[in-house]
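S.K.: Assemble chain B onto chain A, guided by the hints.
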Amino acid sequence: MNETTATPNTDRFRVLILVLTLLNTIFAAALAGLQVDANIRADRANRDSQYYALLMANELVRVGHQSAYDFELFTTTVKDAQQSLVMGLTALELEQDGEEESAAKLQSQSEVAQARSDKGIALSRLYTDPRYAPTEPDGIPDLEAYLADQSKTPNDLVAKQNTATDQYHRWDNKAGSYIAVLSILAIAFFLLGLAQSTAHMRLFFAISALGIMALAAAWTGFIVIS
Amino acid sequence: MTEKKQLDPARMDVVIAVLIALVSLTTALAAWRTNIVGSNAADANRLGLLDALKQGAAQNEGWRIVYEEAGYASTFAMESAAAEAMDSSEDTALNAAAQNVRQYLLPSLQLLSGPLGTQKKYLKSDGTFDLEKRFADQQAEAPDLLALNPAASFDLADRYASEQRWLTVGTVLLAISLFWLGLAEILAGQRRAVNMTLGIGVYLLGLLFFLIVEVVFIVSRGGVL
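Note that the protein sequences, when read in sequence, are chains A and B.
At position 113 of the first sequence the residue is numbered 110 (our numbering), and the sequence of numbers has no breaks.
Plus 952 on top of the position in the second sequence (first one is 1) and you've got our numbering.
For reference, chain A alone in the conformation it holds in the complex (with noise of 0.2 Å):
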């Protein structure tokens, strides 16, 4: 009588772990795709955030050339403004010293400083650009503007170069996390095989794998909304 009732109960937790089983593939399957997509998405990050870096250490370099370019001609246009000043205040003070001829000389090489700058003035950005350009004769141009602008692209791309960063760090941990996973539900496909293959302990086992199921799937949401 027992025997009778026995089996048809046995049957129903066969059927049962089958289901689990089941489940279990479909599970993992979903879970392999899901670290899959992750993989790559971290891949795409990794190599967005080497691609920014090297554009950044290019535009830097680019950066560098044009800065020492326009700092060279803008010291050089002062040295020979003030060098013409210099001379046209010392041809001044000859002259009222009676030293007509030094001063005229003197006057002549302040002309050819004066020239000397007007031109590199001509052909400084720094004079030319309306963005950095003095706003009164005799003025000086806004450097701070043209350094702001100088590294406006730089840190831009540095911005993009960190947020490709996070990214994969993000994915990367992702598909970390989903290999843990998928190893849990390797030991509750052990446990499922072990509920097959014994009666006695049949509904411990099936019961265990499916408490590491429902543990696999709230790691998984976590993962997925992380």
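Treat the hints as calculated values from the structure; they're not laboratory data.
One or more hints might be untrue.
[To be verified] Heads up, simulated DMTMM-like pairs for lysine to aspartate or glutamate below, C-alpha to C-alpha not over 25 Å straight-line:
{"hint": "1", "chain 1": "A", "residue 1": "K76", "chain 2": "B", "residue 2": "D1043"}
{"hint": "2", "chain 1": "B", "residue 1": "K1073", "chain 2": "A", "residue 2": "D45"}
{"hint": "3", "chain 1": "B", "residue 1": "K1076", "chain 2": "A", "residue 2": "D45"}
{"hint": "4", "chain 1": "B", "residue 1": "K1085", "chain 2": "A", "residue 2": "D45"}
{"hint": "5", "chain 1": "A", "residue 1": "K157", "chain 2": "B", "residue 2": "E1093"}
{"hint": "6", "chain 1": "B", "residue 1": "K1073", "chain 2": "A", "residue 2": "D153"}
{"hint": "7", "chain 1": "A", "residue 1": "K157", "chain 2": "B", "residue 2": "E1137"}
{"hint": "8", "chain 1": "B", "residue 1": "K1076", "chain 2": "A", "residue 2": "E69"}
{"hint": "9", "chain 1": "B", "residue 1": "K1072", "chain 2": "B", "residue 2": "E1093"}
{"hint": "10", "chain 1": "A", "residue 1": "K76", "chain 2": "B", "residue 2": "E1020"}
{"hint": "11", "chain 1": "B", "residue 1": "K1085", "chain 2": "A", "residue 2": "D146"}
{"hint": "12", "chain 1": "B", "residue 1": "K1076", "chain 2": "A", "residue 2": "E133"}
{"hint": "13", "chain 1": "A", "residue 1": "K149", "chain 2": "B", "residue 2": "E1084"}
{"hint": "14", "chain 1": "B", "residue 1": "K1006", "chain 2": "A", "residue 2": "D40"}
{"hint": "15", "chain 1": "B", "residue 1": "K1006", "chain 2": "A", "residue 2": "D45"}
M.R.: Then chain B, alone, in the frame of chain A:
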């Protein structure tokens, strides 16, 4: 009688075993192909980064040359203006110096500043040098470096990665069909037939899906595997 023969459990065992072997082989091939596509994506990314590195090095050298020319060109222009001022001076010493500057200094500076300082096309209307134009011309002198296109490699990598995603879905479908066939192997009666039908159905669906994905992406790449 024929119906009974077809549903003979022993014969069904063999049929399902053969199906399992076939699906296993297909799944293995699908996993292999999916990995190949993933590997192609990684290769394209690597090529893109290498191209970006080469392109960056070429551009850095290009800018260095352009600004070197610009330095000489601006010095040439400034010294030319100085020589003109010396010429117009009443100081005979400066007049003589201007002649020497023209004879010895300016030709060397002009030579070093070329072509930026010697060609009018590089002079903007505001009197400054068109460095961007000179850079573009300078880069065009090396067509092999100009042809480097990291963005195209990255685009190809993204398409391979997209294909890998869809192929993974196909592979998962094949793996699921394997499970149903496994169930059919251990079950009996009508449940066996249902599971086998499900297994074959999912297998065919997975196979069709896999082939469609392959064809779509291969055609989009112009026939490249």
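S.K.: Now, for every hint given, state plainly whether the structure supports it.
M.R.: Results of checking the hints against the structure:
The suggested pairing of K76 (chain A) with D1043 (chain B) holds, with an alpha-carbon distance near 23 Å, which does not exceed 25 Å. Proposed proximity of K1073 (chain B) and D45 (chain A) is contradicted: the alpha carbons are some 38 Å apart, above 25 Å. About 37 Å separates the Cα atoms of K1076 (chain B) and D45 (chain A), which puts this hinted pair outside 25 Å; it is violated. Simply put, K1085 (chain B) and D45 (chain A) have alpha-carbon atoms about 29 Å apart, too far for the 25 Å limit, and the pair is violated.
Proximity of K157 (chain A) to E1093 (chain B) is assessed by CA-CA distance (about 32 Å); at most 25 Å being required, the pair is judged violated. With a CA separation close to 32 Å, the supplied pair K1073 (chain B) and D153 (chain A) exceeds the 25 Å bound. For the hint pairing K157 (chain A) with E1137 (chain B), the CA-to-CA distance comes to about 55 Å; that exceeds 25 Å, so the pair is violated. Note on K1076 (chain B) and E69 (chain A): the hinted pairing holds, with a Cα-Cα distance of about 20 Å set against a maximum of 25 Å.
For the suggested pair K1072 (chain B) and E1093 (chain B), the alpha carbons sit about 19 Å apart, so the restraint of at most 25 Å is met. Proposed proximity of K76 (chain A) and E1020 (chain B) is supported: the alpha carbons are some 21 Å apart, at most 25 Å. Distance hint between K1085 (chain B) and D146 (chain A) is fulfilled; the C-alpha atoms sit about 20 Å from each other, no more than 25 Å. With a C-alpha separation of about 24 Å, the suggested pair K1076 (chain B) and E133 (chain A) falls inside the 25 Å cut-off, and the hint holds.
Between K149 (chain A) and E1084 (chain B) the CA atoms are separated by roughly 18 Å; this keeps the pair inside 25 Å, and the hint holds. Between K1006 (chain B) and D40 (chain A) the CA atoms are separated by roughly 21 Å; this keeps the pair inside 25 Å, and the hint holds. Between K1006 (chain B) and D45 (chain A) the alpha-carbon distance is near 17 Å, which keeps this suggested pair within the 25 Å criterion.
Violation of the numbered hints given earlier is confined to hints 2, 3, 4, 5, 6 and 7; the remaining hints are satisfied by the structure.
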